[in-house]
Each structure stands twice: as structure tokens, then as C-alpha cells.
Amino acid sequence: MKNTVGHPLKKYFRGEINYTTCSGCGNGIISQSILRAIDEIAIIFDQIAFVSGIGCSGWIPSPSFNTDVLHVTHGRSIAFATGLKLAAPQMKVIVCAGDGDTGAIGGNHFIHAARRNIDLTVVCVNNGIFGMTGGQVAPTTPYNSVTTTTPYGSIERPFDLSNLAIAAGATFVARWTTYHARSLKNSIKKAIEHKGFSFIEVISQCPVQYGKVIGMRNDPVSMLMHYKECAVNINKAKNMSADELKDKIIVGELVEKKNIPELTDEIKRLRREASRK
Amino acid sequence: MKNKKNIERKTDFIQGNIACAEGAIAAGCNFFAGYPITPASEIAHYMSRKMFEVEGTFIQTEDELAAIANIVGASWGGNKSMTATSGPGISLMLENIGLAVVTETPCVIVNVQRGGPSTGSPSVAFQGDMLQPKFGSHGEYQIIALAPSSPQEMFDFTVEAFNKAEKYRIPVFILADSLIGHMRERVDFPLDDEIILEERKKLKNYQGIHQKIFLDENVAPMPIFGEGLKANITGSTHKEDGFRNVSDPKIMDTAIKRLSNKILKHKEDIIAVEEKYLEDAEVAIFSYGLVYRAVLETVNIARNQGLKVGSFRPITIWPFPQEQVEELSKKVKTIIVCENNLGQIYPFVKAAANGNAKIIFLPPKILGALYKQEEILNKIKEVIS
Ligand SMILES: Cc1ncc(C[n+]2csc(CCOP(=O)(O)OP(=O)(O)O)c2C)c(N)n1
Ligand code: SF4
Ligand SMILES: [Mg+2]
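Quick note, the sequences are listed as chains R and G, same order. Counting in my numbering, the first sequence runs from 18 upward without gaps. Counting in my numbering, the second sequence runs from -5 upward without gaps.
Keep in mind that the hints were calculated from the coordinates and are not lab data. Hints are all accurate, no fakes.
Chain R is nowhere near these chain G residues, computed Cβ spacing over 10 angstroms in every case:
| # | residue |
| --- | --- |
| 1 | T5 |
| 2 | D247 |
| 3 | K251 |
| 4 | L272 |
| 5 | R287 |
| 6 | P313 |
| 7 | L371 |
| 8 | S379 |
Subject to a maximum C-alpha distance of 27 angstroms in a straight line, what follows is the list of computed DSSO-like cross-link-like pairs (lysine-lysine):
| # | chain 1 | residue 1 | chain 2 | residue 2 |
| --- | --- | --- | --- | --- |
| 9 | R | K265 | R | K206 |
| 10 | R | K285 | G | K44 |
| 11 | G | K233 | R | K27 |
| 12 | G | K261 | G | K244 |
| 13 | R | K28 | G | K198 |
| 14 | G | K344 | G | K366 |
| 15 | G | K375 | G | K302 |
| 16 | R | K28 | G | K233 |
| 17 | G | K206 | R | K27 |
| 18 | G | K128 | G | K352 |
| 19 | G | K196 | R | K28 |
| 20 | G | K198 | R | K27 |
| 21 | G | K195 | G | K261 |
| 22 | G | K44 | R | K294 |
| 23 | R | K28 | G | K206 |
| 24 | G | K324 | G | K259 |
| 25 | G | K261 | G | K233 |
| 26 | R | K294 | G | K4 |
Just so it is clear, CB atoms sit at the ideal spot from N, CA and C, and this is done for glycine as well.
Construct the entire structure; sequences and hints are all you get.
Written out as C-alpha cells, the structure reads:
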């Protein structure tokens, strides 16, 4: 009998799909981290729904993941996920979004979902650029970067998406890079099990579009090594000065708040109150 | 849990917007998402209380982009969902209305129209958004739209809107005028067992990754999320199984044609028109919504004066009742089109008549101030003499 080795995550894939992701893209590591987290929680895959928008990140679950997947318009994934979660609160709803999706066109949905503390898990692929559309500046691109729409260098300061989530009221926030695949998986696990709005920011390599901005074109390995060098854990960062933290990426679980009312629970409470009247 | 109150016959004197909300509840709506805007806000006010009483959900979203996204998401979660807004809100929703069409998502969208463009005149009656739901989102598509002309019809047509949305897996619009939304009038509520409800065809069990869940001209079954059906839903061009293909023109061709035919092939079931005094009429007046009320009164007066005039009223604006108007154009000599705008539906009447009858457009002298009876009556007399 022939020995065949099956990938342990293959069972989660719809199959018969041609992948369009560039080689070396961080999306593969992120896909695996999400699926490994789900595998370890041992939750039935059918109980998880994925929602994604437009951008390379949107193709992480759609159509690859073999469960309910809703692939929507650019920037609106969190808003569609909100309606879905409210209608089907028994489901775990995971959003895969890009940094442009989350920080540019869909910024409003992002902060309001955090404010509502609705039980969604948002995995935001922050590659610092508009990957899909050809390497234009994103609201996360570092100051003075040369991109396809900032030939003289970008003149706007970038958003810190995790801090934005925290300020808006997210109750679980973690940031990792694709170099930290195992920690990323562990935080995604926690985020899925967390009751409330959880935000996972993944600093991820886009060797094609962002690689050229930082002189690492088509060189994903250098990008990953760069993440390794720049990353500082939040516990260590707490004792470092702003100067020391310049150009560093603070990673780790940044916020975990428990016992904050969650939106679908609040809605159940209103239904009970309405029925008593 | 069903609303238990309609087991006794009930009549009320209520606002059109409230009648609309009541119609939604009677149709089984259990999800409302919206962003406040005059002249539609009363629907949200009412639903913010009622939705929880029927174990449903109300959410005031951050904007209308989110409102439409929420109702589409909720529909995939198995709810009957709706939003209500006015023109500016529809303008914001348009991209996701296209997504609702292409993902074949049942939902109801109410536009209580105001004067426009832009912020316009929020409470002035205007039929300025008649083309917007049909042509506003990019690409080529069909939707269904109904135009009520009384609070009673705000109730009845909203029930009908849910039924058609469920039956055809499509967004259905209520195109009301601000004065219909705000008008108070007698509304007779049907008994519970008098309301016939259409429920969506659902996929019952998972049939493999190539299961047919889209692009059936007779409506494919919908895989509701959370039932293990592994729904593969995308706003990108896709095949019957939901798999994306954005490069093959043949696949796009099939998708666009099937989506359109899903509606156009069932026009007979979808389209409703109301005809009055047309048997011997020489002149027909084409009108809808608020304007129809003035037209019908004028036609009654004209008939009393022996003038051979009748009324043709599309209840369904989209798909446009092309065949019915063509029939009409063969019966009468002249069709006068009365709309409270600068002639939005008029070109469609003209095209459908195809030279069979003379088509005249008669807007009110002052848009939004509506017609004086003489304006219409004088035109009828002028045409007949
Ligand atoms: C309304 C709208 N505007 C613009 C676009 C074009 N568009 C597609 S993806 C994208 C940006 C993608 O950037 P990001 O969200 O960071 O995702 P990435 O591709 O980097 O993963 C843009 C501008 C669109 N699809 N829809
Ligand atoms: S363009 Fe960048 S983000 Fe998109 S698939 Fe290629 S490497 Fe990944
Ligand atoms: Mg990006």
C-alpha cells in the first residue's frame, strides 16, 4: 500500500481551488494560524462563519475554507458580520480584513464594532500597503514611504490599528507578526473563545508590493527576519522609552477585558424586558 | 414568536410609516437595521420597540452603508430583514445593494423619498428617486420596486415586498413619497390567517462543494448560515455553486442573464397594475404613489362630466410593466404621464407605447406642491377636444 501523508489542515479546505496569492505572501501563514487555532479549540468548523472584504486578505477564507463564507465589498466585512452575528449568535464569526479594509474605507465600521463589543473576531492583515490594487499608500504605511501614489514620499502619519481598536473599546487586542506564527495562533485561539470584540493585528509581509517600498522586493525571508529584529514584546516595551521603541513593532496581547456587556447578550436582555411588558 | 394581536379584526388611524412597520412585522420581519433620516425615522422609532417584542433585533447602525450590510448579513443568518431610509441613505447603500442582488439575498429596503438632490428638502413630497434603485448601483441588474399611495398600502405593499423578496431572493424596494410616509389615514389590519406569507426556498442538506445555490432562473435554494451547508457566497462573479470566476466572459454572461431572467421571466407573477375606467377611455392617465390619489379624484370628476378618461397605475415600478403599458397604448389615443418629478418614468412609458398612442408628460406646476385639480382636468379637456 502506498503511504500518503495528508496535510493536517486539509479537512478545512473546500478543494479544487487555484490559489492566486503571490509566493511568499504572509496570507499563507495567517491562514494556517487561523486553522490551527480552530483545530486546537476542537470546535466544529460548521459552527464558524467567515466574512471577508476585498483585498488580498479577503481571499484567505473565500472560497478556500469549507464552511459558511461571505465575501463582500471592500471595507464592509465587519458591518456584514455584525448583521450575521446578530441573526445567528450561536455562530462564531471571524472576519479576515486588510489594513486598507479596516483602517481606510471601513474605518467607521471597525471602531463602532469595537464600541459595541459585539462578539466578532477580526483578523487584520496589516501589510502596510494596498496589496491587491498595486502598492498604493495605506493609512498604515510609515511616514515618508515611496509608494505608487506617493512618489515623493508619504506625508501622512500612519494609524496604529491596535491602539485604535483599544481606544474604540475592543475587549481583546493582540498584535503579532507573521514571524510569530505560534504566538499568533495562540492569540487567535483566545480571541475566538473571548466573548466580545477581539482584534488581532498581524503585521504581514507583502513581498511584491511592500517589499519594493523597503528594498526587499520579492524577498519574504528578509521581511520575516526584519520582523524578528524589530519585534519587542509588550511586557518588555513597558519599560522602554519612546526613543528606544522607535521603529519597533510592539507585539503581544495588548488588552484583555472581561465582563464588559456584549452586544448579542444585551439584545437578548432587551427581548426579555420587552416580553415582560 | 408571532405577534399575537391580529386575531381580532382591527382598524387604526395611523401614519404611513407606522403602517409600513406594522406590515413588516405582519410579514415576519425580525431584523431591522437603520440610520435615522427624515422622512423615514418613524419606522425606526417604531421598530426599535417592536422588534424586541417579536424576539427580533433592532440596531441603529453607524451609517447606511452598515445598515444595508447588516440586513444582508442577517438575511444569510436566516432572518427576515429590512431597512428604511430616504434618498441620501439609498445613495450610500448603492454599492451593497448590488451585492445583495448578486448574492441573491432577500431583504426589504424602504425609501421614503424627499426632495433632492443632496440634502434637498427633507419633508417635501417628491418622486425623485424612481430610477435610483434600478440604475444606481453599477452593472446590469434587476430589482423589484413597489409604489404605495396610502398608509393602507404602506402596510399591504410591505407584506408583499417581503413575500417577493423571499420568493425571488432579491432586494425589494418600497418607493414611498414623504407625504405617504407622514400621512395619517385609516388602516384595516388583516387577520393573521388572512396574511399569506411566502417563505424562502432553503437548501436542506449539504450536497458537496458544487451544490447549486445560485443562478437558477426559477430561484436556487438558499443555504442559511449555521446549518452546516458550507455556503460559498461572494459578490464577485460566480457560478451556480458560488465559486468565483472573474476572468471568463462566458461565466459573467451567464451570471448576468440568469440573474435578470430570474425576475424578467416571472414578470406575470411580479407585476401588479391598477386600471380604472379604461374600457371605453380615449385618454389614460399614468400615475403612481401620491400623485395617483390626485389623478384618481380628477378622473372621477372628469367621468362625471362625461369625459372618456381612465387611469393606469403601476403598483410595481420595477420591473417596469412594459407589456401592460403597450396594451394600454393600443386601446387609448393619448396617455398623460403625471409624475412629481421632471419625467423619470415617462421615457419608459413612451418606449413601451412605441408610437401606438400619443404620450404627454404633465408635471405639477410646482414640483413638490403637487397638482391642482384644474391642471390635470384642463389637460384632459385639451387632449379630448
Ligand atoms: C469601493 C471600492 N473602492 C476601491 C476598490 C479597489 N480596491 C480593492 S482592494 C483595495 C485595497 C486593498 O488594500 P487592503 O485592504 O490593505 O488589502 P490587501 O490587498 O493589502 O490585503 C482597493 C482600494 C474596491 N474594490 N471597492
Ligand atoms: S500582492 Fe502582496 S498581499 Fe497580495 S497576494 Fe501578493 S504578496 Fe500577498
Ligand atoms: Mg493591505
